Structures are given as structure tokens and as C-alpha cells.
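Relying on the hints, combine the two individually framed chains into one complex.
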Amino acid sequence: MKIRGRAWKFGSHIDTDAIIPARYLNISDPQELAKHCMENEDPVFLKEVKTGDVIVAGSNFGCGSSREHAPIAIKARGVACVIAKSFARIFYRNAFNTGLPILESVEAVDGTEAGHELEVDLVHGTIKNLKTGKIFQAEPIPSFMQAILDDGGLMEHIAKRRS
Amino acid sequence: MEMTITEKILAAHAGLKDLCPGQLINAKVDVALGNDITAPIAIEQFKRVGAKRVFDKERVVLVPDHFTPNKDIQSAEQCKILREFARDQELSQYFEVGQVGIEHALLPEQGLVLPGDLVVGADSHTCTYGALGAFSTGVGSTDLAAVMITGELWFKVPQTMKFIYKGKLRPWVGGKDLILHTIGKIGVDGALYKAMEFSGETIDSLSIEGRFAMANMVIEAGAKNGIFLPDRITEQYVKGRAKREYHFYTSDRGAQYADVREFDVSKIEPQVAFPHLPSNTKSITEVGSVSIDQVVIGSCTNGWLEDLRVAAKILKGRKALSNVRLIIIPATPWIYRQAMKEGLSDIFLEAGAVISPPTCGPCLGGHMGVLAEGERAIATTNRNFVGRMGHPKSEVYLSNPAIAAASAVLGRIGSPEELS
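Just so you know, the sequences run in chain order A and B.
First residue of the first sequence: 1, per our numbering; consecutive thereafter.
First residue of the second sequence: 164, per our numbering; consecutive thereafter.
In case anyone wonders, no lab produced these hints; they're calculated from the structure.
Hints may be right or wrong, so weigh each one.
Here are the simulated lysine to aspartate or glutamate pairs, DMTMM-like style, with alpha carbons at most 20 Å apart [said to hold, decoys possible]:
{"#": "1", "chain 1": "A", "residue 1": "50", "chain 2": "A", "residue 2": "121"}
{"#": "2", "chain 1": "B", "residue 1": "331", "chain 2": "B", "residue 2": "427"}
{"#": "3", "chain 1": "B", "residue 1": "430", "chain 2": "B", "residue 2": "364"}
{"#": "4", "chain 1": "B", "residue 1": "234", "chain 2": "A", "residue 2": "32"}
{"#": "5", "chain 1": "B", "residue 1": "210", "chain 2": "A", "residue 2": "151"}
{"#": "6", "chain 1": "B", "residue 1": "556", "chain 2": "A", "residue 2": "32"}
{"#": "7", "chain 1": "B", "residue 1": "234", "chain 2": "A", "residue 2": "29"}
{"#": "8", "chain 1": "B", "residue 1": "319", "chain 2": "A", "residue 2": "104"}
{"#": "9", "chain 1": "B", "residue 1": "476", "chain 2": "B", "residue 2": "580"}
{"#": "10", "chain 1": "B", "residue 1": "329", "chain 2": "B", "residue 2": "364"}
{"#": "11", "chain 1": "A", "residue 1": "160", "chain 2": "B", "residue 2": "207"}
A quick note: this is a predicted structure, and the numbers were derived from the prediction, not measured.
In isolation and in its complexed conformation, chain B is listed as follows (with noise of 0.2 Å):
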């Protein structure tokens, strides 16, 4: 039977030979993750049955990204259990303030997740690794618990939708680009229930940051997961990083697609999604004139070193406009201290920029630059929703980092085209 890799992955993790969408399979899980705040319900649920040790040490993965470091007393008291659970269990991968960054950034680069797993996690964005060749999703805190205890989970094969892009990408234009287009396309339910194979000479080319960016954001599209044909791009971030054995696993010419688009990316300018929704997408060159408070670059889906590296090469020799407060979170330490190294962070610093510890802080309206009311900010994160980065009469853009540094050069929304 032909299948797709998505299908190949959930056979191979149920222990059956072929698969088709629909089916209901119990599949093996590689790795599973909780963060500060979806784990300390599993574990009370995980205490509550009576369960009395984690089906691999080695594999639960806790990662206190959320509200760290602690934003107030409630959030110490959640990252206490974390940090006494994983004790207890000794988990070898629990990550204390110091070496926590970001989960979607900080899993792959620990070589943590690799191609070919089958990776569950208690965050919505856990889709980041299908980047890899992996098939990962989002579940909530009780399906969580139920992996840590048996190291499986039941799965409904996904209906696979096809994205092919062609032609070469215009200036400033990258992953975070192609998949607001796609999500303004399909609509944030669009893949509902489905898989998003990404494909095409363009994803051939695209960096592995940039298939991160894609692969973050299926959830917006309502998918189940987001999945890349893993390459000698993905060889190369894995290699020296892996410490166990992977698979690539490939998509047979004759799988069965749900559907089938094509995109031309010469025509894709940089993307700008209006409130509130991730969908509610406009060309730069369509977005007119509005002003921003605040601009964030970060988040699990664009604060790699790569977007920091963009970012500071339009901020440098520039100041962002002296009513506009610019946020830059390196999404774990290691890209933290890679800015220092590269002169990145003396670049932003100039500019007039403070630099956040990692943490997904203002993304989810947490802390580390919350917004007022009537405030509008531009952000290189994944949600826009009422209220997503404060208070609910406040505004968030989503854009790439190229347009969120230059619109804080400008103190509205625009373009790196229109720096002097």
C-alpha cells in the first residue's frame, strides 16, 4: 500500500503494516512534553490514578518555558511540581531557568526530537518538529499524563493535504511568510483534523529555521500536524545533535492526498496578519498606515538565530522610534549567547531594544512586555486573538522578523524597502 510519511510514521509507531486515514490505531510514543502549564495537571492526574514511575525517565520532557523565570508566586508554586516531578522521577530532561529555553526551539537543538519520531506534547505548538520528518502533535494535560504512564496514545489517522510551492522566494520573505499565505488561503480551520504536507523546489531550499516557522503554525490552520520529506537540510541540523538513532521516512509517489495545492512564492510578498485572527492576512504593500506600541520578536516560531540574525541586520546602525518599546527574546540560551558572539545583541541594544531571558513571556499575554488597552503591537509570534497579548481591547500583527525590526524603525507597520 502506498502511503504518505505521515501515514509510514503512525504505522510504524502502531506496529502494523499499513494504515489508512480514519483508522484508530494505539501508537508508541518517542517523546513526550509538558510545560508550566499544562504539566502540573498531568502529574496530578498521573498522582491521582496511583501511578507510580514514567514509562521512560529518559523520554518525559519538561521544559518550565511558559511563565519562567517565575512571574509571580502562583506560577513558582506551578513550576515546583515541575521541578519536584521531575526529581522524583529523575527525568533526565527537565530544564531549570538557566538552561530552559523555549520548547519548540530547545527540544530540536538538544537533539531531543528527531526525524522519524512519533512526539506528543502538552502545547499546542508541539507541531514545530514535523519540520524534521517527525510526526508531532499537540495534546492536552490528561493525554499527557496517560503517555507519561503507558508511553502510548490512541491516534486517528489524518487525512493528508498537500502544499507544493514553487519559484524563488522575493527579499525578505521567508517560512513565516509562506504559511500565513497558506492560512490566509485555507482559513484557520482549513486543515482541520488534517496533516499539511509542505513540498515543492522551494521548501527544497528553504532553510531549517523557516520550515520550523511552517511547521509551528499548522495548529492555525486547525491541523494535527504539520510534516516536512526530511533532506540533506535536515541531515545537517541533526546530525551532531542526535544521540539515538532516526529515521527518514518519505511520502510514496502513489499516497493518497485529501488535497492538493500549489503555490507560486514569486508572487508572495511579506505577510502582515490583521486581529484577530491568523488568517486575516494582507500583502506589506496592502497594509496602509498603522502604528504600533510595541514590536516582540521571538517566540517558538521565529526566534531562532536565523530571525535574529535578520532582524539585526536592519536594525543595525538604526534606532527604533523612541515611542515604540522593541522586545527581542532569543528562544533558548544557546541562541541567546550565539547573539552575544555574533555582535547581534550589541546591534539591538543600540537600537534601543531590550533583550528577555528566554521565555514565551508576551506571546500568550504571560509577562515581559504585556499590553495595555488601545495598545497595538506587531510580533513575529503565532496568535492574534482578543486579548493574546494582554488586554482585550489591545492588537497584535503577526509578520516576519524583517518587517516587525523595521516597523519599529518606523513606528508603524512597513517594510525594510522603506528604510532609508
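So that you can see chain A by itself, here it is in the shape it has in the complex (with noise of 0.2 Å):
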């Protein structure tokens, strides 16, 4: 599966209070959710961004709080995918187990800059920077999170095991 979008360029330790502020997380509805993503961090990103951009950040994003409302929040702002250097590890997992990609590329995310038109191949992890012509490979998804996105998601993961 390809991507193709403009990035969105955020710097290190993007908390999920940044991504989703907790006065919201009395909903959970992921489009009124979408409607507040880094709404405190970037209010021109929340207004002007387009279904299939990505988000471009440093290290450890999605720092903070377990609300799984910050990947659904991304994913249904129609962010096709989020590249950082690092994530935090229940970001991490969470992004999976709602379908929200992710890749993890220090020299990807060094090397590109607010407004790169990126293509991005999610299948091989590869991350081409159309303005530069420069591409870069993202670190591989364990073949274990693998599996659990080839069947979908975790429940489906789970659904399929017990069955």
C-alpha cells in the first residue's frame, strides 16, 4: 500500500495532551474527536491539513497519557501515516491495534522538511521524499505486529485465534 501526502513537521516528545486534549476525552466518537487533533500544538495543522498527509516528528511522540483517542484522533484527521525518530511504547502499540501506521526512521525524519511531498510504501517500510528524490527505509515492523495487522487489528487478531 502506497501513500502519498504532504508532511507535517513536529518536533520531539509530542504528548498525547498535544494530540488530543484531555477536556475531550469525554467523547469518543472519532470524527468530533479529529476535530480537536494538536489543536493546542498546531492550529494551522488541525485547520489546512489533507486526508492522506503525514505527520513528521522527533522522538518519543506520543508521549503521556494511555488514551487510545490520540492515534484514533490522527487517523480520522485522515493523517495516512505518522514517521518519528522514536514513539512512545503505548502510542506504539495503541497505533496498531486502532490501524493508524507508523513508521520509525531518524535519517527519514531529519531529512525532510514542513511541506515535503513524501510517498511512502508501507508493505516495505520505504519512505521516497519527492522534493528531494532521497529515499529512506524505516525500521521493520516485528513480524509478530505483523500478523496482527494482516489480520486487521488486535480483536480480529484475537477473534481469529479463538475461533
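Below, the structure is given as C-alpha cells:
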């Protein structure tokens, strides 16, 4: 599966309160959550991000609370993929469990500026910067987690194993 | 094979004799926790795949503590989902308003989480129970749903970092200061994906509440879990509360550590974390003049009885400055009552404080003390991210209860040493 979209650049330690402030956690409807995605961090992003765009961030993306509302809000806002230098561990699990594609690559983050057009091949984990022509290889997804993705998410994976 | 306490607990729950960091395992879960924010999504997932019963109705614990007593209609609807699920599934551990406390103080207090347990909770501060010598970690709602159905979950065995604390604590320094200082040194991703194991002579005599505060904040360094080797202080806390067997695990002498850090605590002053990361720490004497509008003493980090006693010691016979809002939140109904019996509540009310029912409330900007634009709070909570306690242009400073109480009197961030 290939994704093509514009890069939105963020720094390191983007926490889940930045992604979706806690005052909206009495909502669980993805579309409602999407309306507030990153509103404390970058109101321009919230207004202008387009379906298929890509978030490119520094290290420890998604640190803080365990709220699954964070990957849900990002996905529902239309973001196709998050590329970061590293992810906080609960966010990492939640992203897989909710079907938000994420990739780890220090080089891709350093080699991408805000507004660059990216082409991401999720199957092979390659990230092509269409502005500079450079191609980056993300960390491979552990085969165990790939199996969860292939089954369509953790719940489906469990349902399949129990049947 | 010589192993750390974290590795031993994981191995025991995975039915393995030994294991090593990086290994993927499937492990049995002793207790699974959800709250009014995370459980509704887990329950929705549970139902979506057609699950009928939870794996064990004694071990799925639901605690509506974040936006309770219900702050608005949407929160009430969320809590209703928990209440109805608990009733349908006949869960024995559902806590209604009146019995409910902040989950990470409530579960240990009720003897629901014990040494040697493997606990997961859909709340990032689930790592708190490591204070008892349990492996305990936060997960998301979908992982919680998976556990509610199967009683198991997959884990990647973390590497362990060892933190050794030596020396005598200075006045007004406690577990909160040790963990803030440590996070200040290693950064908010300094222990990413790893276990933080705490030991040393200072830890040997540290109170259980001090240990809870330390384990509580390991997530603020990115850690998977924090853990203490259980000892006589653990035993003292657990006995009388536990209603089932528990196990004391320990780390082997030859266990492998990814890193070992040592701290001389006699050099550590009370710490204050400046906005907007818990790692932005300064010693109290380096803070300078920072005026405040609000003081919050409570949360799963520092809403314990010991914390309220410290605050009361400082506030006794004193008053919060008239332009400072002092909010005190006992973490559980038992702590609330105990504070009344010991006369702490009178001291707080005399000092001009308001005492909130047990709730996470303002810690996450939920209710019961949300900040306006430009306002500043010092809080005994665990996070000071942008907008954490309210308006995106408000500020949160983190400290221990002694500093918070003294600051209420001074109207600026300061130490009990400065009070006459």
C-alpha cells in the first residue's frame, strides 16, 4: 500500500495532551475527536491538513497518557501515516491496535522539511521524499505485529485465534 | 539463568523458565483495569467482536475516577457504559461514586494488586503498582479489551535500568523529589521501553507512599514499568489487605542491566519541574520568583495520607494567600475519612483550602480546578504538558506536597524553610 501526501513537521516529545487534550476525552466518536486533533500544538495543522497527509516528528512521539483517542483522532483527521524518530511505547501499541500506520526512521525525519511531498510504501517500509528524491528505509515492523496487522487489528487477531 | 525481578515476574506469567530482553511473550494477566475514559472504548471493542463474558469477573476492575462525580452529560454517559457493563458481567470490582477513589491509590489500598502480580491497566500511570514489587504497565483500550476477553496479553520483555540511591534524605525531600530529579537527569525518553528498577539504602527505608510516587512517574521517563524489590515495608502494607496469595520476587545478583545509575540523595533538594515537561527540573533554591494562582495537592502521585499529613504540618496555623486557590484532593474515600479523623481537614479548611472528593479532576484539566489563560499552578501531580490543567496558555509546575503547601502560603513557589 502506497501513501502520497504532504509532510507536517513536529518536534520531539509530542504528548497525547497535545494530540488530543483531555477535556475532549468524554467523547469517543472518532470524527468528533478529529475536530480537536493537535489544536493546542498547531492550530494551522488542524485547519489545513488534508486526507493522505503525513505527520513527521522527532523522538518519543505520543508520550504521556494511554488514551487511544490519540491515534484515533490522528487517523480520523485523515493523516495517512506518522513517521517519527521514535514512539512512546503505549502509543506504539495503540497505533497498531487502531490501524494507524506508523514508521520509525531517524534519517527520514531529518531528511524531510515541512511541506515536502512524501511517498510511503507501508509494505516495504520505504519513504521517498519527492522533493529531494531521497529514499529512506524505516525500521522493519516485528513479524509478530505484522501478523496482527495482517489479521486487520488486535481484536480480529484474537477472534481468529479463538475460533 | 540470572534474571531481574521484572524478567522473573514475566517468565512466571508466561509459563517460561527463563527469558531475555527483547523476547516476545504471551503472559497471563492477574488484574486488568479500566477507567471512565478508556473503558468505554474497550467495552465497545469487546462487544464488537461478539465476546460474551470477561475472563474473570473478580479480576476485571473498573474505576470511574477521571470525570467523576460526573462533570457533564457526556461524562455521565461514559460512566453509564461502565456501570451497565459491570452489572451485566457481574464484576465484583466496580467502584461507584462514594466508594470510588483515584484508581492507582484505590487498587493497592483495597488489596487488589499484590507483589509478584502482572497487572495491566488502560491508564498510563498503571505503572504505580511496581512499588509493591509487581510488574505493572499501562496499555490502550484495545489491549484492555483483548485482556478482558482472554486474560492474556503479548509483551516484549524490556531491558532493565537500575537506579541506586544512597545517603540520607534532606528535610522535605521524598519519593517525588527522587523521581523528578531522576527524570531531570535522564529525560522524558531516558528509559523508553525499559524497566526502571529502584534500589539502594535510601530506598530500603523509603515509605510505601514514597515508592508509589516514584513508580507512578516512571512513565514520565518513557519506561514500560518501574519496580521495587519487595521487603518488610511492602509486607507491612500488604498484609491485612491481600485476599489472595502473593509472591516476593527479587533480582539475582548476576542479573543483566542495560545501565546502572547512582545518586547521592544527600545532595538532592526538593525539586520543581517547570513547564512544559516533567524533565525540566530545578532545585527549590534555583526557582527564583514564580507567582502562582492555584495549588493542587492530590492525584495518583501525591494524594496519599502521608502527603496530606505533610501538607497539614506546613499549613497548620497558617493561611493560603488570599489570591491563591488551594485545592486538596484526598485520593480515596478512606484517605478522605482518615484526614478528617486526624484533624487534617480542619487544618486545610482553616487555611482557606477547598477539599475535593476523590477524583483525577484538575490533574488532566478535567474539572474541579481548571486553569484560565495565563494562570499558573503548582501541583503535586505528574504532568505539566501544554494545556494539561486547562487553557493552552496556562502553566503547571510539579512538586512534592511540602513545596506545594508552602507555596500556597507564600503566593509564589517556595520552601517551608521560608515560612516564619
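Here is what the structure says about each hint:
Of the supplied pair hints, the one linking residue 50 (chain A) and residue 121 (chain A) holds, its CA atoms being roughly 19 Å apart against a limit of 20 Å. Taken as a hint, the residue 331 (chain B) and residue 427 (chain B) pair is honoured in the structure, with Cα atoms around 8 Å apart against an allowance of 20 Å. Simply put, residue 430 (chain B) and residue 364 (chain B) have alpha-carbon atoms about 15 Å apart, close enough for the 20 Å limit, and the pair holds. Straight-line distance between C-alpha atoms of residue 234 (chain B) and residue 32 (chain A) comes to about 19 Å, which keeps the hinted pair within the 20 Å bound.
The hinted pair formed by residue 210 (chain B) and residue 151 (chain A) meets the criterion: a straight-line CA distance of about 18 Å does not exceed 20 Å. A distance of roughly 23 Å separates the Cα atoms of residue 556 (chain B) and residue 32 (chain A); the hinted pair therefore is violated under the 20 Å criterion. A hinted pair counts as satisfied when its Cα atoms are at most 20 Å apart, and residue 234 (chain B) with residue 29 (chain A) qualifies at roughly 19 Å. As the CA atoms of residue 319 (chain B) and residue 104 (chain A) are separated by approximately 17 Å, the hinted pair is consistent with the 20 Å bound.
Of the pairs offered as hints, the one joining residue 476 (chain B) and residue 580 (chain B) holds, with about 13 Å between alpha carbons and a cut-off of 20 Å not exceeded. For the hint linking residue 329 (chain B) to residue 364 (chain B), the alpha-carbon distance of about 5 Å falls within 20 Å, and the restraint holds. At most 20 Å may separate the alpha-carbon atoms for a hinted pair to count; residue 160 (chain A) and residue 207 (chain B) meet this at roughly 18 Å.
Hint compliance for this structure: hint 6 alone is broken.
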